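> Residue strings, one per chain:
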Amino acid sequence: MEQMPHVMVVDDDREIRDLLARFLERHRFRVTAVRDAREARRAWPNGHYHLVVLDLMLPGESGLELARWMRSQADIPIVMLTAMGDETDRIIGLELGADDYVPKPFSPRELLARIRAVLRRTGERSAGAHEDAGRNLRFAGWTIEPTRRRLVNPDGVEVALTAGEFDLLLALAERANRVLTRDMLLDLLRGRQAGPFDRAIDVAVSRLRRKLEDDGRHAQLIKTVRGGGYVLAAAVERL
Amino acid sequence: MRLRLWPRSLAWRTTLIVLAGLAVVQLAGLTIHALDRRDLIRIAEAQEAATRVMGLYRVVVLTPPEDLVARVRAMNLPPDMTVVLSDEPPGLGLVRVPVEIQRILRLSMLLVPLPQPLRPRESRILWDEQELRVVIGMRLPDGRWLSVSEHPPPPRLLHAPGFLAAFALMTAVAAMLLVWAARRLTAPVRVLAAAAERLGRDVNAAPLPETGPSEVVAAAAAFNTMAARIRRFVADRTFLISAIGHDLRTPITRLKLRAEFIDDDELRTKFLGDLQQLETMVASTLQFGKDISGSEQPTAMDLPALLRTVLDEAADAAPDQPAERLSYDGPEHLTIQARPMALKRAIANLVGNALLYGGAARVRLLPPPSGERPPLLRIEVADDGPGIPPDDMQRVFEPFHRLESSRNRETGGTGLGLPIARNILRAHGGDVTLANRPEGGLVATASLPV
Numbered sequence: 001m002e003q004m005p006h007v008m009v010v011d012d013d014r015e016i017r018d019l020l021a022r023f024l025e026r027h028r029f030r031v032t033a034v035r036d037a038r039e040a041r042r043a044w045p046n047g048h049y050h051l052v053v054l055d056l057m058l059p060g061e062s063g064l065e066l067a068r069w070m071r072s073q074a075d076i077p078i079v080m081l082t083a084m085g086d087e088t089d090r091i092i093g094l095e096l097g098a099d100d101y102v103p104k105p106f107s108p109r110e111l112l113a114r115i116r117a118v119l120r121r122t123g124e125r126s127a128g129a130h131e132d133a134g135r136n137l138r139f140a141g142w143t144i145e146p147t148r149r150r151l152v153n154p155d156g157v158e159v160a161l162t163a164g165e166f167d168l169l170l171a172l173a174e175r176a177n178r179v180l181t182r183d184m185l186l187d188l189l190r191g192r193q194a195g196p197f198d199r200a201i202d203v204a205v206s207r208l209r210r211k212l213e214d215d216g217r218h219a220q221l222i223k224t225v226r227g228g229g230y231v232l233a234a235a236v237e238r239l
Numbered sequence: 001m002r003l004r005l006w007p008r009s010l011a012w013r014t015t016l017i018v019l020a021g022l023a024v025v026q027l028a029g030l031t032i033h034a035l036d037r038r039d040l041i042r043i044a045e046a047q048e049a050a051t052r053v054m055g056l057y058r059v060v061v062l063t064p065p066e067d068l069v070a071r072v073r074a075m076n077l078p079p080d081m082t083v084v085l086s087d088e089p090p091g092l093g094l095v096r097v098p099v100e101i102q103r104i105l106r107l108s109m110l111l112v113p114l115p116q117p118l119r120p121r122e123s124r125i126l127w128d129e130q131e132l133r134v135v136i137g138m139r140l141p142d143g144r145w146l147s148v149s150e151h152p153p154p155p156r157l158l159h160a161p162g163f164l165a166a167f168a169l170m171t172a173v174a175a176m177l178l179v180w181a182a183r184r185l186t187a188p189v190r191v192l193a194a195a196a197e198r199l200g201r202d203v204n205a206a207p208l209p210e211t212g213p214s215e216v217v218a219a220a221a222a223f224n225t226m227a228a229r230i231r232r233f234v235a236d237r238t239f240l241i242s243a244i245g246h247d248l249r250t251p252i253t254r255l256k257l258r259a260e261f262i263d264d265d266e267l268r269t270k271f272l273g274d275l276q277q278l279e280t281m282v283a284s285t286l287q288f289g290k291d292i293s294g295s296e297q298p299t300a301m302d303l304p305a306l307l308r309t310v311l312d313e314a315a316d317a318a319p320d321q322p323a324e325r326l327s328y329d330g331p332e333h334l335t336i337q338a339r340p341m342a343l344k345r346a347i348a349n350l351v352g353n354a355l356l357y358g359g360a361a362r363v364r365l366l367p368p369p370s371g372e373r374p375p376l377l378r379i380e381v382a383d384d385g386p387g388i389p390p391d392d393m394q395r396v397f398e399p400f401h402r403l404e405s406s407r408n409r410e411t412g413g414t415g416l417g418l419p420i421a422r423n424i425l426r427a428h429g430g431d432v433t434l435a436n437r438p439e440g441g442l443v444a445t446a447s448l449p450v
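Chains as they are written, first to last, in our numbering: chain E, 1 to 239; chain P, 1 to 450.
You may find that some hints are simply not true.
[Unchecked claim] Each pair of labels, with its calculated beta carbon distance range:
no., chain 1, residue 1, chain 2, residue 2, range
1, E, 145, P, 240, 30 to 36 Å
2, E, 73, P, 230, 30 to 36 Å
3, E, 69, P, 359, 49 to 55 Å
4, P, 276, E, 186, 24 to 30 Å
5, P, 230, E, 25, 51 to 57 Å
6, P, 266, E, 59, 36 to 42 Å
7, P, 180, E, 145, 50 to 56 Å
8, P, 392, E, 120, 49 to 55 Å
9, E, 186, P, 371, 28 to 34 Å
10, E, 69, P, 205, 41 to 47 Å
11, P, 239, E, 69, 30 to 36 Å
Think of the hints as simulated: they come from the structure by calculation, not from any bench. These numbers were taken from a predicted model, which means no experiment stands behind them. Cβ atoms here follow ideal geometry from the backbone N, Cα and C, with glycine treated the same way.
The following block holds chain E by itself, in its conformation from the complex (with noise of 0.2 Å):
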């Protein structure tokens, strides 16, 4: 049988804390629930976790401290539980390289999805990507930021993407001038999409065109691969 994730949850409040413990052993995981940073700091030799469940707003020393703190540890994923709608937290967070984020109140089935697909990614992830989680990406005079989730075009104006457009273009630029299967962009994006994406992935990428101006008959940038997939040719330079 495969070994059971162990993740750290740190909230500070008492009842949040026990009942997602109680919810997430019984998903099948370990879990070890603590109070503040203080107490993280304290169980952290004793456990090898393989994510950390963070509550930004905590007393004493705050979430985002502590995130820095365990990134200087290990290389291990965290999903930063925000405050609603809050996206100055969002964002320094993300530019801090947490590898997700929930917004309070999180539903629980959720929160364990994005916890599983941070597992999944960061299963195959090679040392080092955290340094690169937050930097924006530019291609062909388009600039990506990850951590806003913005889309500039090369005159310096904003063009706004769905969440699953974004997602996508994302992908395909992390792995530029790399095919991505059907099968592979779904694997990627499943994390944060809830309804079905495979017919999806197809209307996002014309849409995705239209928006890049990028003629889907002869496209230049996101490329058609017979066979089913996609790939982004541009040169992608990190920012």
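Put chain P on the given structure of chain E with help from the hints.
Here is chain P on its own, set in the frame of chain E:
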């Protein structure tokens, strides 16, 4: 008609009042000048007349008496002057000319050189009231009377052309100075009005500069104090709303976790559904509080891309619905300055309402109507629903107001969608209005500066 004569603007009213005053003063000055000049002219004219008359007298007195009648008849007189030779003095029924004029005339007549024995033995200066003529009678040495009568020349008080031009120029310069000064002095009122207008749209608008004349400084300071109080009031209210919203997060999170341990599937689903609704309401309440403070910075953004994104997200959220209910009509690209996240929320609220109550959302992006100042883009969101009774058109913009027909929670509205959209659009310098379409359905029209 009164409104047309009496201008609306303070600057023009001030100009008009001071100009009227100036005109009165100028008229008075002109009159004084003219009266003063009249006396001078009178003296000069009297002297001239005396010389003329004495010239005639001289000719007459030097003519031998037997030739006199023929001589007088043959005299080459200026027009409008008559000479009569008679035995009687002129002027039965004529009035005496005022003494000072008589004096001037007599004096002037004395100045004309003539040997003493030839001088008139007697003279009379009279005024013919019927004919408006001056009649001067002189007794010749032989005893007969020579009467000369003429029209006094009309007084040409404002005679000099240079004077009138200078006067007109002076008046014109004064009037121009006045217009300039009035506009300058009333400028702070316009600035104040513009600031009040800005404050109405954006509570965080920059304060008025407290410079200029003391009254203007006082008004600007009072305005800034008022703006600060409004800001504090809004901030307090926003803080209150946010605090409640934040404090609700923890219990909602706990409840959601607890619900996961309910074994009865149906009960759990209903429980989670209620919690979802509660969370949506808290989220939009927080959003309502946040939009007022307007923390996001404006940036250059592509408006059609944003409209398409909102429609695409609506389509993604309900993939089983027919695609025709969502459409976009307008330019492919158009760059505007706006707060992208806020604006997206406003448009998403309008599109969401159209889908929820009208079953469709047809979005059109239109250029500003020609001649509009300032030009505002139009974003129309039309649906196929029942529309809204005209009496409710304004009330639907009040927070938490929901139409009776949608009071039912099944439709899922929180009563904050339109107020939030309106707050956001107004903060952008635009607005949103609703109207029932003649062909049925409702159309929400958002306006945005170009």
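> Decide, hint by hint, whether the structure agrees.
Against the structure, the hints:
A beta carbon spacing of about 33 Å between residue 145 of chain E and residue 240 of chain P agrees with the range 30 to 36 Å that was offered as a hint. Taking the beta carbon of each, residue 73 of chain E and residue 230 of chain P are about 49 Å apart, not inside 30 to 36 Å as hinted. The supplied range of 49 to 55 Å is met by residue 69 of chain E and residue 359 of chain P, whose beta-carbon atoms lie about 53 Å from each other. A hinted range of 24 to 30 Å for the beta carbons of residue 276 of chain P and residue 186 of chain E is consistent with their spacing of about 26 Å.
Under the hint 51 to 57 Å, the C-beta atoms of residue 230 of chain P and residue 25 of chain E, about 52 Å apart, fit the expected range. Separated by about 39 Å at the C-beta atoms, residue 266 of chain P and residue 59 of chain E satisfy the suggested range of 36 to 42 Å. Remark: the range hint 50 to 56 Å for residue 180 of chain P to residue 145 of chain E is upheld by a beta-carbon distance near 52 Å. At roughly 51 Å, the beta-carbon separation of residue 392 of chain P and residue 120 of chain E lies within the given 49 to 55 Å, and the hint holds.
Judged by the Cβ atoms, the range 28 to 34 Å given for residue 186 of chain E and residue 371 of chain P is violated: they are separated by roughly 53 Å. Residue 69 of chain E and residue 205 of chain P have their C-beta atoms about 42 Å apart, which keeps the hinted 41 to 47 Å range intact. At roughly 32 Å, the beta-carbon separation of residue 239 of chain P and residue 69 of chain E lies within the given 30 to 36 Å, and the hint holds.
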